[in-house]
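Undergrad: The primary structure of each chain is shown beneath.
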Amino acid sequence: MRTRFDKPLRPLTELDAQGHLGVFELADENGQVLFIGYAGGKSLFGLKGEIQAASKRLSAATHFRYEINTAYWTRYQELLMLHKADHGELPAAVEFTGKLGRLSPG
Amino acid sequence: MDLQLSEEQQMIVGMVRRFVREEIVPLELNLDPDTDQLPPADRERLIVKTKAMGLYGLDIPPEYGGPEIDLVTRTLLAIEMAQHRAGLYSPCYGVFGGAGLAQLFEATDDQKERYLYPTLRGEKRGFFGLTEPSGGSDPARAIQTRAVADGDDWVINGGKIFISGADKADFGLVFARTASEKGRNGVTCFIVDTDTPGFHVRRIVHTLRSANYATELQFDDMRVPATNILGQVNRGFAIANDRLSRQRIPYAAGCIGVAVKAHELALEYVPQRETFGAPLSSRQAIQWMLVDNEIDIQTSTWLVLDAAHKAQRGDSFRKEAAMAKLVGSEAGGRVVDRCMQMFGGYGVTKDFPFERWYREMRIRRIGEGPSEVQRHIIARDILGASLR
Chain A
1 MRTRFDKPLR PLTELDAQGH LGVFELADEN GQVLFIGYAG GKSLFGLKGE IQAASKRLSA
61 ATHFRYEINT AYWTRYQELL MLHKADHGEL PAAVEFTGKL GRLSPG
Chain B
1 MDLQLSEEQQ MIVGMVRRFV REEIVPLELN LDPDTDQLPP ADRERLIVKT KAMGLYGLDI
61 PPEYGGPEID LVTRTLLAIE MAQHRAGLYS PCYGVFGGAG LAQLFEATDD QKERYLYPTL
121 RGEKRGFFGL TEPSGGSDPA RAIQTRAVAD GDDWVINGGK IFISGADKAD FGLVFARTAS
181 EKGRNGVTCF IVDTDTPGFH VRRIVHTLRS ANYATELQFD DMRVPATNIL GQVNRGFAIA
241 NDRLSRQRIP YAAGCIGVAV KAHELALEYV PQRETFGAPL SSRQAIQWML VDNEIDIQTS
301 TWLVLDAAHK AQRGDSFRKE AAMAKLVGSE AGGRVVDRCM QMFGGYGVTK DFPFERWYRE
361 MRIRRIGEGP SEVQRHIIAR DILGASLR
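Protein chains in written order, with our numbering: chain A, 1 to 106; chain B, 1 to 388.
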């Protein structure tokens, strides 16, 4: 079972997300992930709305990828843990105030 | 069994009921509907309140600093604490504290110093690692994780699945086979620090559940000192088995709590909602759903209180706990399903808690021993040795 995003990053000009629940990543031109977010039950316009809002806040973000997922809350935490396992820290723009677990995905 | 609550029980239950309604439910209006965590400031504020109420660490025995509250009352409180959106798997978001892993009360003094007391102080967290990919209902035979003695250590290889909280834990109880030919007598319980080389949390196992997700673990030549054996070598299954029986009582109580809340929401809704010129509550189809809810809730409440009563008296309660778990989880599922039906389209939206309860309640018929295993336990009890 895969744990990492298996979709390529695409330019934000190609944003095709709709109102689904799910998780997403925003990255800069070099593919460095700047933000990991989710569209949850309180998102007015789902992934589309959340990706648009986050990309407005992050001027360096040029690329995106997303995953439609009704288990967005656990998948979101998994993506944060994977990023931390790979890079030693969360993306600077992520504000996660809860207790985050540790993964050693191998 | 006397089903009349004492004055003290009524007072404590009332206090917790108000706490859930006045402190937890309003907070949830602003939280993501799938969350299992409170913002840290709210969590700390509420822990101060539960401590002031004298109800923090409810399951901690009084000799270890916990409040002196009997098991029947704690069961009643578990029913109350589940009465909110996240209540099934994250009752009151943990602000009433917990006793951690009850097996540690049987640990050696050295193990208590290193694991039990830090857990009771809220400094460490533990996980319970029993189930493996080869099966969870029959752990005595299914455990394939192996531990081999090497000098003063044991070297563990294998894996676990559906383990809650391992990624956030400081240590865990890991059950491993130490004598392959001895069946249930060949299992040993090890206390494992999660920073031990060879301990890996490989992934989250995504399920229907929103809170307290499960993880998959892998052990590669994980070296554990013999001083970290809990109990005796080859006697770990009794530790696991005891936990499984005890856990069924609060497990059933959580299901009942959610059923009570779902039923309450439906009772408020159906007199207001009109169809074809009359309130839903005037329709016999709706009335019968409410009647069935009432019967399901009452039946399962009596069974779980009976199990708690017997456990508290020190009587055998294995059959009663199995009956409570079986009926509580199945009745809870039926109640939530009916309430969702009464709410119609709104019932399946994330605007209401039913969809989360519906998903999470389905797991309750499987977790902590599926309904079929509970029936097996009850059958073995009533048929006696002839079935063993």
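Be a bit skeptical, because a hint or two may be false.
Claimed, not checked - Taking lysine-lysine and the PhoX-like style, the derived pairs with C-alpha atoms no more than 20 Å apart in a straight line are:
#: 1; chain 1: A; residue 1: 84; chain 2: B; residue 2: 168
#: 2; chain 1: A; residue 1: 42; chain 2: B; residue 2: 350
#: 3; chain 1: B; residue 1: 124; chain 2: A; residue 2: 99
#: 4; chain 1: B; residue 1: 124; chain 2: B; residue 2: 112
#: 5; chain 1: B; residue 1: 168; chain 2: A; residue 2: 48
#: 6; chain 1: B; residue 1: 168; chain 2: A; residue 2: 99
What the hints assert, rightly or not - Derived Cβ-Cβ restraints for the label pairs, each shown as a range:
#: 7; chain 1: B; residue 1: 384; chain 2: A; residue 2: 86; range: 33 to 39 Å
#: 8; chain 1: A; residue 1: 53; chain 2: B; residue 2: 348; range: 23 to 29 Å
#: 9; chain 1: B; residue 1: 212; chain 2: A; residue 2: 53; range: 27 to 33 Å
#: 10; chain 1: A; residue 1: 99; chain 2: B; residue 2: 110; range: 37 to 43 Å
#: 11; chain 1: B; residue 1: 346; chain 2: A; residue 2: 14; range: 46 to 52 Å
#: 12; chain 1: B; residue 1: 197; chain 2: A; residue 2: 53; range: 56 to 62 Å
#: 13; chain 1: B; residue 1: 294; chain 2: A; residue 2: 13; range: 56 to 62 Å
Think of the hints as simulated: they come from the structure by calculation, not from any bench. Every residue gets a Cβ at the ideal spot worked out from N, C-alpha and C, and that includes glycine.
Undergrad: Next, verify each hint and record whether it holds.
TA: Hints versus structure:
1. A:84 - B:168: holds, 14 Å
2. A:42 - B:350: Holds, at roughly 8 Å.
3. B:124 - A:99: Satisfied, since the Cα-Cα distance of roughly 13 Å is no more than 20 Å.
4. B:124 - B:112: holds, 12 Å
5. B:168 - A:48: violated, 32 Å
6. B:168 - A:99: holds, 7 Å
7. B:384 - A:86: 33 to 39 Å: violated, 57 Å
8. A:53 - B:348: 23 to 29 Å: holds, 26 Å
9. B:212 - A:53: 27 to 33 Å: About 29 Å separates the Cβ atoms of residue 212 (chain B) and residue 53 (chain A), which means 27 to 33 Å holds.
10. A:99 - B:110: 37 to 43 Å: Violated, at about 28 Å.
11. B:346 - A:14: 46 to 52 Å: violated, 36 Å
12. B:197 - A:53: 56 to 62 Å: The hint (56 to 62 Å, Cβ to Cβ) is violated, given that residue 197 (chain B) and residue 53 (chain A) are roughly 43 Å apart.
13. B:294 - A:13: 56 to 62 Å: Holds, at about 58 Å.
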